[in-house]
Amino acid sequence: MKRLILALALLAAWPVFAVTPSEVLDNPALEARARDISKGLRCLVCRNENIDESNAELARDLRVLVRERLVAGDTNEEVVDYVVNRYGEYVLLKPTAQGANLILWIAGPAMLLLAGGMGLAYVRRRGRAEDGTEAGLTREEEARLEDILRE
Amino acid sequence: MIVELGHFALVLAALVACIQMIVPMVGAARRWPGWMAVAVPAATAQFVLVAASFAALTYAFVTSDFSLRLVVLNSHTAKPMLYKVSGVWGNHEGSMLLWVLILALFGACAAWFGANLKPSLKARVLAVQASISVAFYAFILATSNPFTRLATPPMNGEDLNPLLQDPGLAFHPPFLYLGYVGLSMAFSFAVAALIEGRVDAAWGRWVRPWTLAAWIFLTIGIGLGSWWAYYELGWGGFWFWDPVENASFMPWLLAAALLHSAIVVEKREALKSWTILLAIMAFGFSLIGTFLVRSGVITSVHAFANDPERGVFILFILAVFMGGALTLFAARAGAMQAKGVFAMISRESALVANNVLLAVSAFVVFVGTIWPLLAELAFGRKLSVGAPFFDAAFTPFIVALTAILPIGAMLPWKRGNLTRTMQPLWGVLALSLAGGALVWVMQTGGSMLAPVGFTLATWVTLGALTDLWSRTGRGGLSGRVRRLRNLPGADWGKTIAHIGLAVTVFGISGLTAWESEDIRVAQIGERFGHAGYEIELRDVLRVPGPNYVATLATMAVWRDGKEVAVLHPEKRVYPVAQMPTTEAGIDNGILRDVYLVIGDPQEGGGYAVRTYIKPFANWIWAGCIIMGLGGIASLSDRRYRVAAGARKRATGVTGVPAE
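Line by line, the protein sequences give chains A and B. Okay, so the first sequence: first residue is 430 according to my numbering, each after it adds one. Okay, so the second sequence: first residue is 111 according to my numbering, each after it adds one.
Just chain A, with the same shape it has in the complex:
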């Protein structure tokens, strides 16, 4: 939440302001696409902040670059590829599902299967314990039963 602290501290001398009116494209469809792309690109000098929200100078340059490519007729993918080619995958806030990153993407579903399977096995075991050993009432339950019967 306090990610802006550093960005602001660095930029006290040049107060700029996330997306400024001068950057906004006249074509609303292109602008919407630019905003969409910007939300997935990281501001390189900030901490875990996308270029759309960032106040940093470098983020502004990237925003302008994204808009230039869009105006030049690139598709969204082409724009992102262009930026990644220049700055590396570090700019992607949503990591690709390639190579080692597969671990990241599969970790959740795999863990869910594992934990779900263990949970299921546990539940079935508790269910079968009933059939096999027909556990008698606990002492508390017996006492309670006695109370009820006495009434």
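It should be emphasised that the hints constitute simulated quantities derived from the structure, not laboratory data. Be a bit skeptical, because a hint or two may be false.
Said to hold, decoys possible - Here are the simulated PhoX-like pairs of lysine-lysine, each with C-alpha atoms no more than 25 Å apart in a straight line:
1) Lys449/B - Lys228/B
2) Lys449/B - Lys523/A
3) Lys449/B - Lys524/B
4) Lys492/B - Lys468/A
5) Lys468/A - Lys523/A
Unchecked claim - Estimated spans, in silico, between C-beta atoms of each pair:
6) Ala550/A - Leu543/B: 45 to 53 Å
7) Arg637/B - Leu454/A: 42 to 50 Å
8) Leu487/A - Met532/B: 50 to 58 Å
9) Asn596/B - Ala461/A: 32 to 40 Å
10) Pro190/B - Glu507/A: 46 to 54 Å
11) Gly307/B - Ala550/A: 45 to 53 Å
12) Ser557/B - Asp576/A: 32 to 40 Å
13) Glu452/A - Arg595/B: 58 to 66 Å
Every value quoted in this text rests on a predicted model; they were computed, and no experiment measured them. Using N, Cα and C, we set each Cβ at its ideal position, and we do this for glycine too.
Since chain A is already given, all that's left is putting chain B on it; use the hints.
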């Protein structure tokens, strides 16, 4: 002099904690009542000493004692009193002192209110709690002493980070810490139970109030932080999946899981070893959170102290406590025999599913948080994991959780019948789906987020109310209303907390799907329209504040030709810290916020102005408050207040057991 006394008190507290760690533990092992009894006065003394130490540091901040290094770095004479006080914990050293203060507070509470605990268990709990304290006293005294003096005190201080000078953030850390550290109690109970080799229904009943309290504080703390981000950062974001936010969110998820699994231990004496493991892991994640924040391993501005020495020390604490507890767990968990028997369709199974979903979702957040670090260390790839990943990977868990919640909450213990449980819920389900469909039709295009969010929120809310109503049994309306009032606190707490979750889910999906934004240059006197509102920039003034200079705008909001609000968005510059901050002008409403931000003057005249319409924003935090209230209602249940004596008389409550 007072500062030295505070320093001395801190050292004494560390020594008392050492005694509290060793003597009762030996006493419990040897069954020496005298040695065990040492725990209570030791816990009290430790608390009094840390409190004195904390008071001394607060005194130094309040009186602006610039011979203290910490005060110089984080305070200034011109700062308002509230922020002089909150400056005490607005930095690394002070926040660690707050950490041990709360640790000692929880220990003392266990000592004071645990009169009904079995003596050996109580001695062990307090000893384990003290061992955590000892580790953190050592950390503070060795690496982060707040009482370091300067040889030549400067005339004035360097001021607190201006972003932290805010009422919301002044109270955000204490609440968060009460939550983090509160989980230490669950940890201490878990480790003590492992040493005792005994976990029963009474244990579940003792550990639940502490977990509940910690969870309430975490909920409020996270909510405060999110609310602060919303109004302070200047564009109305409320959650960023920042590593440090995740650090507080993971313990919250695990605490929520622990709350639910402790019910199974309490009611049915099943899921024992899992609950113990969860109690250990919940506190483990608090420690991991501390490590992430304090070491700066994962870059984030929250990491005020990027100091490897401190990071290694906390990592060492983490390794000792987690390693020790998990080893103990591995050795002893086998002895925890489950007693309760239950069928596949039962409340127990539903709570197992709840735990699987919550624990795995916490795991997903964890993997996402540390992945950049792992990828760089193991594969040499420098990459980022940001909000888009978490949104995609985490949201399905919340959807699944809220989808099964109303059914699971109404299933009977031991053995249920899905057809019978669903009977009163079919109507609710149909209504929720119809509502979702209506939302989908009404919003032209757009994502499925809002319809799904609305359906789930309605489903959970109405489901919770149906559940509560069904607890009043049969018969006439008046009789049922009377019984409704007499339902135990835990029943009410369950309903309220689940509704709170629904409100937050709805707020998040509504805001995310429907917010709109306008960025433009506005001249003074200009009026422009956005999303059915008209905004007029009336005036912009430069106004001096106590320790800042503000650019203060006056802006009017019109709707249908009527003036709805006059707002004053500000841009502040703090000269001492050389930092600007934005203060948004917000017209709060139940259905929407109008959110105005004033920017820089433009070359051609006029100012950059941003206008946001944020639908249902306040529902997000209202939901957090409602969840907290639900927790308090549950905590007020007299079965927990008389908790300890409940071992022999668990009966005496009419109707179906709560939760």
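Going down the list of hints, with the structure as the test:
The straight-line distance between the Cα atoms of lysine 449/B and lysine 228/B is roughly 21 Å, inside the 25 Å bound, and the hint therefore holds. Between the alpha carbons of lysine 449/B and lysine 523/A the distance comes to roughly 46 Å, so the proposed pair goes past 25 Å and is violated. As the CA atoms of lysine 449/B and lysine 524/B are separated by approximately 12 Å, the hinted pair is consistent with the 25 Å bound. For the given pair, lysine 492/B sits about 19 Å from lysine 468/A by alpha-carbon distance, which is consistent with the 25 Å threshold.
Proximity of lysine 468/A to lysine 523/A is assessed by CA-CA distance (about 10 Å); at most 25 Å being required, the pair is judged to hold. Separated by about 33 Å at the C-beta atoms, alanine 550/A and leucine 543/B break the suggested range of 45 to 53 Å. Distance hint check: the CB atoms of arginine 637/B and leucine 454/A are about 24 Å apart, inconsistent with the given range 42 to 50 Å. About 56 Å separates the C-beta atoms of leucine 487/A and methionine 532/B, a value consistent with the hinted range of 50 to 58 Å.
Taking 32 to 40 Å as the suggested C-beta distance range, the pair asparagine 596/B and alanine 461/A does not conform, at roughly 56 Å. A hinted range of 46 to 54 Å for the beta carbons of proline 190/B and glutamate 507/A is consistent with their spacing of about 52 Å. Against the hinted window of 45 to 53 Å, the Cβ-Cβ separation of glycine 307/B and alanine 550/A comes to about 25 Å, which falls outside the hint. Restraint check, serine 557/B to aspartate 576/A: a C-beta distance of roughly 57 Å breaks the suggested window 32 to 40 Å.
Separation of glutamate 452/A from arginine 595/B is about 59 Å and conforms to the stated range, judged on CB atoms against 58 to 66 Å.
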